[in-house]
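Engineer: Line by line, the protein sequences give chains A and B. So that you can map any letter, position 270 of the first sequence is 270 in the working numbering, and since no number is skipped, the others follow by simple counting. So that you can map any letter, position 271 of the second sequence is 271 in the working numbering, and since no number is skipped, the others follow by simple counting.
It is worth saying that the hints were derived from the structure and are not from the lab. Do not take every clue at face value.
Copies of the same chain look alike in the list, so a pair counts if it works inside one copy or between any two.
DSS-like cross-link-like pairs, simulated, lysine-lysine; straight-line CA separation at most 25 Å [unchecked claim]:
hint, residue 1, residue 2
1, K371, K210
2, K92, K208
3, K344, K358
4, K298, K210
5, K306, K225
6, K225, K103
7, K210, K92
8, K201, K30
9, K298, K147
10, K358, K210
11, K92, K225
12, K210, K30
13, K30, K307
14, K210, K85
15, K30, K306
16, K371, K92
17, K225, K85
18, K151, K307
19, K208, K30
20, K30, K225
21, K210, K368
22, K208, K358
23, K368, K147
24, K359, K344
25, K210, K330
26, K307, K103
Number of protein chains: 2
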Amino acid sequence: MGPGPSNVHPRVLQAMAAPTIGHLDPEFLKLMDEVQELLRWVFNTQNRLTIPISATGSAGMEACFANVFERGEKVLIGVNGVFGKRMTEVAKKYGQIAVSFEKEWGKIFEPDFIRVVLESEAGIAGVALVHAETSTGACQPLEEIGKICSKHDVIFLVDTVTSLGGIPVDVDGCNIDVCYSGTQKCLSCPPGLSPVTFSEKALEKISKRKTDIESWYFDLSMLQKYWTTGERVYHHTAPVNMIYALREALLILGEEGLETIFARHNLNSRALLSGMTALGVEPLVEEQYRLPELNTVKIPEGVDDKKVRSTLLNEYGIEIGAGLGPLAGKIWRIGLMGQSSTQKNVVYFLTALEQILKKMGVVSEGGKAVKAAEEVYGE
Amino acid sequence: MGPGPSNVHPRVLQAMAAPTIGHLDPEFLKLMDEVQELLRWVFNTQNRLTIPISATGSAGMEACFANVFERGEKVLIGVNGVFGKRMTEVAKKYGQIAVSFEKEWGKIFEPDFIRVVLESEAGIAGVALVHAETSTGACQPLEEIGKICSKHDVIFLVDTVTSLGGIPVDVDGCNIDVCYSGTQKCLSCPPGLSPVTFSEKALEKISKRKTDIESWYFDLSMLQKYWTTGERVYHHTAPVNMIYALREALLILGEEGLETIFARHNLNSRALLSGMTALGVEPLVEEQYRLPELNTVKIPEGVDDKKVRSTLLNEYGIEIGAGLGPLAGKIWRIGLMGQSSTQKNVVYFLTALEQILKKMGVVSEGGKAVKAAEEVYGE
Chain A
1 MGPGPSNVHP RVLQAMAAPT IGHLDPEFLK LMDEVQELLR WVFNTQNRLT IPISATGSAG
61 MEACFANVFE RGEKVLIGVN GVFGKRMTEV AKKYGQIAVS FEKEWGKIFE PDFIRVVLES
121 EAGIAGVALV HAETSTGACQ PLEEIGKICS KHDVIFLVDT VTSLGGIPVD VDGCNIDVCY
181 SGTQKCLSCP PGLSPVTFSE KALEKISKRK TDIESWYFDL SMLQKYWTTG ERVYHHTAPV
241 NMIYALREAL LILGEEGLET IFARHNLNSR ALLSGMTALG VEPLVEEQYR LPELNTVKIP
301 EGVDDKKVRS TLLNEYGIEI GAGLGPLAGK IWRIGLMGQS STQKNVVYFL TALEQILKKM
361 GVVSEGGKAV KAAEEVYGE
Chain B
1 MGPGPSNVHP RVLQAMAAPT IGHLDPEFLK LMDEVQELLR WVFNTQNRLT IPISATGSAG
61 MEACFANVFE RGEKVLIGVN GVFGKRMTEV AKKYGQIAVS FEKEWGKIFE PDFIRVVLES
121 EAGIAGVALV HAETSTGACQ PLEEIGKICS KHDVIFLVDT VTSLGGIPVD VDGCNIDVCY
181 SGTQKCLSCP PGLSPVTFSE KALEKISKRK TDIESWYFDL SMLQKYWTTG ERVYHHTAPV
241 NMIYALREAL LILGEEGLET IFARHNLNSR ALLSGMTALG VEPLVEEQYR LPELNTVKIP
301 EGVDDKKVRS TLLNEYGIEI GAGLGPLAGK IWRIGLMGQS STQKNVVYFL TALEQILKKM
361 GVVSEGGKAV KAAEEVYGE
């Protein structure tokens, strides 16, 4: 119940443990096609270039920036948490001009703000935002901003590491041009791959680059030759077993259905926060922008942050996340991602937390939290 | 029996399928320490910075070049196969001057040649060679060249993707400063990680860089803060289950013992080549430079390369590798790596190949190949 990795379904672990076959084996090539099709489905896109990068989510971020922008290009980057900040660091590594606009952690960027910046600042090549900021639990609305980017003909790049498979991600509907995610959050697959997708507009921009892409491992022009049916030109040895795992995880998502999954995430989050509120622990993020898969709550005054987290881990076997950056020591981050988003986890966590807070003398009577959660489930 | 991935021990697959825990979980941090210690052992080094990069072997190559050399620096790169050529491509991506010296594929570089180049060419920052060239089956001797690099105070960078765990790799004894490998060859672990190790000389060079490292994901200054005991600063989400697998694979190597493993690789290769020779199929590489884990043989005149390989795969379930580059259509590459290096595999492969060649009318009487191999085993 931390900010990821989430719990992995036994079927995924089992699939991953199948014997390793060659990365050019005809059976594996079929599996690659299937994974691409499943990724298009979960990203809600028709983009032909929709593949998993052979490394974790931050590598997906790097692959996106490295390919789609060039040295000296200006990218507007929204920074309202760790991962927006990381985008600026990655862009700088590639000699791009990161025009970062900051917002208080836990808040989101308004479309009007983006519009004004795009209208007043010349030579912007793209806008980059984090859909689900794992460090704050805030959900950035994308639809309006996608339209604005489209109108201004700039690239819209979105981090969906913690949103994909937990809340709706609509790449085509939101005019997203470049999008990366991770496997270890709401897809409930072990960490090790980063699904990415590129619109035709993004591919056209890449094809018109004046300079070579400054990375070999992340060079899409080579990667797509390996992933494209009929070509299959060897680039690097794909992490075969991780691809098995990703396929199985996506199949499990398909069996449950995205709408059902989103409703489950929503329900469990509401129950959790209702229980927390009953304990006097308040959510950080305004209701309409809360991520159901990553619940951030303010640590009540006088409560020992570290002691609560270590007791949860050592006595109850529950991991939750600490606050980062300006929120360090101020919030807890409780993940209810993918397979971890269950009523059982919510009830068990609330019971554990209530017991701990009671021992600390912060809460007097018991059972309030679970009762509040159960009321939500009973609605 | 291709050029990798090799067969993975069931214990490794099982270990990989253990439940995913957090990348900052105290239990996982212990496991990271253990993996670093095991990697130092298999690399034969005391280097403190000895870690797995969270991506496949080619990413390890990229991480090494990106960190240790700077834009504009000259690196001598030996090109006698695919992976030497890849080194030049990676170096160029990072704006380094790849001074490539070519040699016929299947041959090796003589120490005297390197010495002469270093004496005559000014401003060389490093020498980069491939220990075990997977595309040719040639083994590059390193010891003398390491001494020469040391004398000239240049960085010695070595690719040990296909050698580590199959033949002796002696990082400290050969004065290797920067070394990367892969998990899916003689370590018999699925692909997905790239073990790397850096000498103090390499780390000192990195610490004196005038320019920032031009990659975020591969930036060692951040990676080492995550891997160093006591620091553990979050960088990216480690591929937790792959690390489980790597530990188990290394433990299995430890149980058998490196000397025993090297002897096994040697014996099986000799048996294989003896059987092949009996079929009129000759090795490509001169005896003293042959890699026992990757056996390259010349396809006899008139034999249909693709038909043999597809029959092996479809009728016998055996994968072997095709020739690449100038050797395409001219050689086969038969891997006997790690867990795949067994007498059973040798005998089964020879039986299958003999049957196929007999049907093609290339071989007349049967049983020659296995008999020749068994003589080697009976010695």
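Engineer: Please go over all the hints and tell whether each is borne out by the structure.
Structural biologist: Going through the hints against the structure:
| no. | hint | result |
| --- | --- | --- |
| 1 | K371 to K210 | neither (62 Å within a copy, 60 Å between copies) |
| 2 | K92 to K208 | both (21 Å within a copy, 20 Å between copies) |
| 3 | K344 to K358 | within (21 Å within a copy, 64 Å between copies) |
| 4 | K298 to K210 | neither (48 Å within a copy, 43 Å between copies) |
| 5 | K306 to K225 | between (48 Å within a copy, 21 Å between copies) |
| 6 | K225 to K103 | neither (40 Å within a copy, 28 Å between copies) |
| 7 | K210 to K92 | both (18 Å within a copy, 16 Å between copies) |
| 8 | K201 to K30 | neither (27 Å within a copy, 46 Å between copies) |
| 9 | K298 to K147 | neither (34 Å within a copy, 59 Å between copies) |
| 10 | K358 to K210 | neither (63 Å within a copy, 55 Å between copies) |
| 11 | K92 to K225 | between (28 Å within a copy, 20 Å between copies) |
| 12 | K210 to K30 | neither (35 Å within a copy, 47 Å between copies) |
| 13 | K30 to K307 | between (49 Å within a copy, 21 Å between copies) |
| 14 | K210 to K85 | between (27 Å within a copy, 24 Å between copies) |
| 15 | K30 to K306 | between (48 Å within a copy, 20 Å between copies) |
| 16 | K371 to K92 | neither (50 Å within a copy, 63 Å between copies) |
| 17 | K225 to K85 | between (32 Å within a copy, 19 Å between copies) |
| 18 | K151 to K307 | neither (51 Å within a copy, 54 Å between copies) |
| 19 | K208 to K30 | neither (31 Å within a copy, 47 Å between copies) |
| 20 | K30 to K225 | within (15 Å within a copy, 40 Å between copies) |
| 21 | K210 to K368 | neither (63 Å within a copy, 59 Å between copies) |
| 22 | K208 to K358 | neither (62 Å within a copy, 53 Å between copies) |
| 23 | K368 to K147 | neither (45 Å within a copy, 72 Å between copies) |
| 24 | K359 to K344 | within (23 Å within a copy, 63 Å between copies) |
| 25 | K210 to K330 | neither (46 Å within a copy, 38 Å between copies) |
| 26 | K307 to K103 | neither (30 Å within a copy, 62 Å between copies) |
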